[in-house]
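Undergrad: Below, each chain spelled out in residue letters.
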Amino acid sequence: MSDKRFRFTPSWLVLYPLLVLGALAAVIPFLWTLSTSLKGPEEVFAYPPRWIPSPFVWSNYADAFHIISGRTFLNSVIFAASIVLFQGLVTTMGGFAFARLRFPFRDQVFLLYLGTMMIPPQVTMIPTFIVVVELGWINTYQGLIVPIVAQGAFGTFMFRQFFAKIPNELYESARLDGANPLQLYLQLTLPLSRPVLTAYGVITFLTAWNMYLWPLIVVRSTEMKVVPMAIAELAGGFSRDRGVEMAAVSLSILPILVLWVIGQRWFVEGIALTGMKG
Amino acid sequence: MALSQAMPRVRQRTRFRLGANRDWPWALFFLAPNLILFLVFFAYPIVYGLYISLFDWKIIGPKKWVGIGNYVDFFGDDLTRKLLWNSIYYVVGSTVPLILLSLGIATLLNTVVYGKYAWRGLYFLPLVSSPVAAAAVWKWLYAKDQGLINYAFVQLGGDRIDWLYNTRWALPSLILMTIWQLLPFNTIVYLAGLQEVPRSLYDAAEVDGATGWRKFRDITIPLVTPTTFFVIMITLFSLLFGSFDIINVMTQGGPIDSTNVFVYNIYQNAFKFFRMGYASAEAYLLFLVVFVLTLGNWALQKRWVHYE
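Sequence order for the protein chains is A and B. Start counting the first sequence at 1; every next residue gets the next number (our numbering). Start counting the second sequence at 1; every next residue gets the next number (our numbering).
Simulated from the structure, these hints should not be mistaken for lab results. Treat the hints with care, since some could be wrong.
Said to hold, decoys possible - Straight-line distance between alpha carbons at most 35 Å, and here's what the computed DSBU-like set of lysine-lysine pairs gives:
no.	chain 1	residue 1	chain 2	residue 2
1	A	K225	B	K144
2	B	K63	B	K272
3	B	K215	B	K302
4	B	K215	A	K225
5	B	K302	A	K165
6	B	K64	A	K225
7	A	K225	B	K58
8	B	K82	A	K225
9	A	K165	B	K116
10	A	K225	B	K116
To be verified - Some chain A residues near chain B, calculated using beta-carbon distances under 8 Å:
no.	residue
11	S11
12	P53
13	M93
Built from N, CA and C at the ideal position, the CB exists for glycine as well.
Construct all of the structure, not just a fragment, from the sequences and the given hints.
TA: So this is what it looks like as structure tokens:
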């Protein structure tokens, strides 16, 4: 609508104030969290509210880390990283088979598999819980991780679409050189898909890091808790110390925020990818 | 010499054609992880869930056959009407503003010249917060006595409202927070959709003297309808299945079930009251609703979605 050169138009008078207003609405909850997280128990209740705490109560963060506990953070890292790794493996393998191998009823099987994406997670949640009980996996890492890895229909679909766009000639000539499908997968398909793998990895990590319902169902002991469970417990009911609570919230957001600052484009691409390239 | 060089190529090519389906052992290898996980954690649970829904079962103790009793109970329960109304209120109340706002913001962000990426960074920021963390923050914002929202409200001349503990305001409060949280995702999808609209159309419209609003109404809106369709579907799904986290942290369905929705009630019945059979029946009914919604949306899309 406007080109790159500096050109003031009256529409700016509407455009920029609107932009500022929207950005404030997006950011204020974060600033308020940060501000509260550095306040002592009395200042939290100050009225009218103050934005800049005095003094800065850094010990809130130490207390928050103590409450969440290092073990819980470690659990979340193990949980999210395993899901990225294993779901990545399962979905790229499946996507590769559907896009690049020839076998009977390939497209019919693929369509059937796609259809399962429509089934709400709530439908499988209860019976899956019972399967996990029967396997003796309650309160274990495998109980947390494996059923989530199994929700790979969307990833398989996405990778299939992406792998199908890689030029056919590359595969033809590699096959003529005697490459078997495992080599085609490891040495041709995956290296050519680095951008889409990264975007998928980032989005999957974010989703897994934020997961709350499934861990809440499977975890039975303090040692197996993940971060969202700890935050939910702190925030549930009437809070005694908002400063520590908001420090805990900030700590839980921190890893994703760091990821966000390093690779905003992977987030945006990941979402655009999951959204647009159907 | 020439012949011997040509021979292997011919042979290979025929083998290639004959072996059109020869990859199947490899396919089995590549699909095995998917297949095993699918059978154990998807196919079996789907069937098993339907089976459980026909029993009265407290998870400990024996299953008692009740046939369609759980389904009959659901339609006779006083809570059901409230659940349905709350779910519709929550989904429609969030989806409509979400669509309008995300298209508006995407258009603004697409138009802005200076600090393009800085603006996007600010607008997309809510993405970094998990639903649980966001719920914790908004619970604090909504607090009656020291909450920032009531402070602003009082400054503007209103009275303090106990947003989350008030049957009238609790659900709208959840809706506002939901919109804040889902907006970045939808905006990003719309931004990607806007890039697909050919610039030449805008240029042609400018030659004809079209204003910004006309261009938006007559070019942008019709040409992003495929994105709008997609955004509606995604939003419906994330509202229907994702609302658990924020409800459990902010209101736990209260006060007096005023924020209790379908998916939250399924969780309560299954994992708080251990009514596994009843909860499974509810889950299957939800599946039916989602199925009808999806089919309806697909059927209707021919009427309003423009594909090139």
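Undergrad: None of the hints should be skipped; say for each whether it holds.
TA: Now the hints, each set against the structure:
no. : hint             : result
1   : A:K225 to B:K144 : 31 Å, holds
2   : B:K63 to B:K272  : 18 Å, holds
3   : B:K215 to B:K302 : 23 Å, holds
4   : B:K215 to A:K225 : 52 Å, violated
5   : B:K302 to A:K165 : 27 Å, holds
6   : B:K64 to A:K225  : 34 Å, holds
7   : A:K225 to B:K58  : 25 Å, holds
8   : B:K82 to A:K225  : 33 Å, holds
9   : A:K165 to B:K116 : 31 Å, holds
10  : A:K225 to B:K116 : 40 Å, violated
11  : S11              : 6 Å, holds
12  : P53              : 14 Å, violated
13  : M93              : 5 Å, holds
In terms of the numbered hints stated before, the structure departs from hints 4, 10, 12, listed from lowest to highest.
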